[in-house]
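A.B. asks: For the protein sequence lines, the chains are A and B, in the order given. Residue 263 in the numbering used here sits at position 256 of the first sequence, with consecutive numbering throughout. Residue 1632 in the numbering used here sits at position 706 of the second sequence, with consecutive numbering throughout.
Hints are computed from structural coordinates only; laboratory data are not their basis. Using N, Cα and C, we set each Cβ at its ideal position, and we do this for glycine too. Incorrect hints may have been included.
Which bits of chain A does chain B cover? Going by a derived footprint, with three or more residues having C-beta under 8 Å, they are [to be verified]: (1) 39 to 46; (2) 58 to 69; (3) 228 to 238.
Computed Cβ-Cβ distance ranges for the label pairs, DEER-style [stated by the list, open to error]: (4) Gly52/A x His1588/B: 41 to 51 Å; (5) Phe1279/B x Ala39/A: 46 to 56 Å; (6) Asn1694/B x Phe107/A: 37 to 47 Å; (7) Met1543/B x Leu96/A: 28 to 38 Å; (8) Phe1262/B x Gly52/A: 50 to 60 Å; (9) Lys1404/B x Asp114/A: 32 to 42 Å; (10) Ala39/A x Leu1685/B: 49 to 59 Å; (11) Arg1319/B x Gly136/A: 36 to 46 Å; (12) Ala39/A x Phe1231/B: 50 to 60 Å.
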Amino acid sequence: MRFRQHLSGLAFVFMLLLLNSCIEPPNEPLPAIGNSSIIAVLSTGTSLQKIYFYSVTHLEDTRYPDELFVHNAVVEVNGLQFQEMSDSLEFPKNFYGLQFPQFVQPDSTYSLVVRNGQEIIRGRTTTPGHFSVISHPKELYIHLDGATDTVELHWQESHNARGYIVNQFSPPFEYPSGSGRFIPGGLLSWISKSNHATITVDKVGRYVIKIAAFDENYEKHFVLGYQVAGVEGAYGVFASMAVDSIVINVMRTQLAQ
Amino acid sequence: MSGEECIDLTAHCFFGQKAAYETMKQILSLLAFLTLWPVFSIVKGQSFTVEGYILERDTEKPVKDAVVQLENSKIQTTSGTDGHYSLSLPKRALKCDTLVLKIQQHGYKDATKYLILPSEDHLVRLDVILQPLEYQLSIIEVVARKQSVQPVPALFELNAAELEKLPKLGEIDVFRAAQVLPGVGRENDFSAQLIIRGGEPSQHLILVDDVPLWNAFHLGGIVSIINSDIVSKVDLLASNYPPVYSGASSSVLAVSTKEAHSDQFRFYGSLDLLSSKISLDGPVGIGTLMLGARRTYFDLLAQLFGQFFPYYFYDLFGKYRLMATNNHSISSLFYFSRDHFNVLEDRKSRYTFVGEQVPPQWGNTLAAIEWLWIPAPEQLMTVSAFLTSSIVRSSSRRYLTHRPEVEDLILVDNSISQHGAKGRFEWKIANHQLAFGLEFSQLSFRNNWEIHSGELSDVVHPPQEVFFDFAPADYSQKQSRTLAGGFALDKFPISESLTLMVGGRFDFLSDQERLLVNPFLRAEYIPTHNLNIHASYGQYYQSTVTLSERQKESVYSAFAIPFLPDKGAIPTADHTTIGVSLDQLFPDLKITLEGYRLLKNQLPSISIVDRSQHTFMEETMGIDLLARYKRAPFEGLLSYSVGESIRSEKGVRFPGNFDQRHMLKIFLSCSPSDVFSVSLSWFLYTGFPYSSPASVFLGGFDNYRERSAFYPEIDGMLWLTRRPVYTYFNSQRSPTYHRLDLTVAYGFIIKKLLLKTYLTFTNVYGKNNPIIVDIDTRTVPPKKVEMSELPLVAIIGVRFEI
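Pulled out of the complex, with its shape left as it was, chain A reads as follows (with noise of 0.2 Å):
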């Protein structure tokens, strides 16, 4: 008797066992952010400014940016309307723009607003502040005697600046030697955290340095891998920078005859 009260408690058990795996546990849906995406820094370095406005897709989807951007869209920048624009040459080639010589100051303050049907987006963004380099002039001569030089650059620090990206543009360079074709000169880029950077030079020819101080947001989503940053109502950024460059020609020494 005792062993078949055994059993039937374990039948049981093993009954409510089945009928729990059986049941799946809910899976509900998270609230959306968004039904698009906003590619927004506000330059100092440039009098065209750009933003960049798509529609989110399905994982499958093969289409190009291009083929993904929202038309017809009013997109406003302190209540300054961008036009749509497409430049063929460049990539992605469409983008809402306006050529404004100075629109973006340092040190400023912009809100941005999108509206596509009902959708409504909104951004907020804050140039760091002014800076220049201040260790060499804009325009800078060195010699190269061995195989490689070093030029150490200093700026002033900026205002509300997260950190400087540095860009270095190599002169292009004749490749096979002799043949007449040049390939275009490769780019380092780097973050400095500092208001410093050692700039090495290794062939005779012009480089460029240009040095752009980040705003908060340009961090979180550039560097840190924020979803949305200085946007509401879509996923992306809205941010800014500010920008200053120095040119540095590299010749060779001439050997004394």
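The hints should help you fit chain B onto chain A, whose structure is shown.
C.D. replies: Below, chain B alone, put in the same frame as chain A:
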């Protein structure tokens, strides 16, 4: 019956049972479990077995843990909770000798049985009646039973002998062995970290002789820092642990170390695939000493061949116990471990170094002293002090020789330190078993790092995320807490069959500036000696939290740093369990079943969208089943868990990160002699859930290193990439995992030296078990980022004992 008796095995003496019914039960027990008849048929004839029940005189209650030993040999066994024992004797003993069996148990008069062996029968029944001595608590008994540590018996436990036979990877590991228990999952084959009833590793309290252990892993989680040679047993309190402990919202894993032999010195060790170990224990002065050491050896082997292997670990253990008098015992223990990982050594030529270089290293230090005193026969007091710490350190500053602007920096100085004192008092008065305790401890965290390393990013990207999700490259933080707390517990009978345990825990946490009071209630109904029904309810809190939900693919998840919760945001948990233990449903088969519901609140998480911190709730329910079978030469274990873990976050419910619907583990061992055994283990797990994006958005490139290498300048601003949009979390599952392991062990006895060799095949049928850790949306179609589990691996090792 007298304690000494000469038994003629030709008469097949049975005790109070009809032979036919016994035969029926034996057949049923074999059919109720998978058998190894082919193996048995091969190896039969190598030994014979004496088995039976050990019962108390007059009451006929079973006597558990009684030692049955063949005199003048090391062959022995212990009786189970039902009093049953089974002793396998080598056939070479069958030479018309009279074998002598000694049966001993504390609190009983020793018994001796003489066996005359003229026949070739292989299974002999011999029941033993023990006469109880007058009750007398002694220091030896308390130390042997660890009475001061565990007022509530662990539902699931493993002893040292079982640890040897259970699945291993490279060497015997306490945590990996615990993975056979129900409710216990694991992150992956390369991690010994435990997922217990849906609770992530940071939600468990790991103790070694009652001292907390932080970051208890070598090699980034592959093996634990606990040397299995020093382990006596492992108790898993999967939920509803007693208020003796605090600070874990999920479970307690209590490891008890062995006591050294007091009669003579013993020396033993092993050489496994991963490491080598030696241990020594024996009497020293008026006490006993145990020492253990372990070290990996691949780096030394590589040096012999002129190669470089960047990693090694070692650990040291020591324990001294002084039996000052019959009523006093003082013990002290220490533990020290270090891992050294010189990951950057072989790339030295590319760099110019600045300052002193300290390769990455991490490890633990633990020290404790305990005084145990029996002031009166029904009283027990323990007072202890402890120190435990865990560090991670590295110092490397250098730059690329041909590009001085590119600096490689790895500066890490993390430490966790805890020290304190505890006092406990236990008292049996009338029908009440009372226990009280007080505790005081100081906990400190210090975390500092600057990590800007392209080399290290090739190993883990970004490298600082081994510490917590979205950790910055530069970080500095200090936290500390003072805890003053205690507990009270009363166990008393309501009736002959019903026992209640009522108690609670109180803790004052200085960082929370509040007193936490948590009740505990347990009821046990034992209508017969082989049926136990229990129900428990308890409230708990999570002392520290981690933020490591993202790095599933990395074996470095064991480095997650703990944080003190924000003030007022300490996670809490409610545990409710109901269970039943059945002995002798079938002969030699014990079944334990427990249903549970765990409700955890205010667990922290970080949003992938905007990195905001928020809290979530998690509800876990399930049933764990454990069936244990032991009848020589077979031993087996079947562990099955079914459950679900539901997370509720910002009003949205979805499966928890470690929601694992089913876990099935089968372990079978056949030991036809004391020198040969074959074991099989089979595991089946439902895959863990993972989040699969429903769509993508075009956003900025979030990997700055890759960007600069491949993309042309567009005013240094715009690089586009496809980034994931999640509509559901944890909506998909990795494939179901299953694996078969086989171990063959054989021993040699050369004079006093016992050598045991083993050969283990892991994943015998070479199943490919991928874990999907992420979906890479940058390509079309998106790519699953998978981590493969263990392939077929052969592992050999040898143990020795003198």
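A.B. asks: Run the structure past the numbered hints and jot down the numbers of the failing ones, going up.
C.D. replies: 4, 6 and 7
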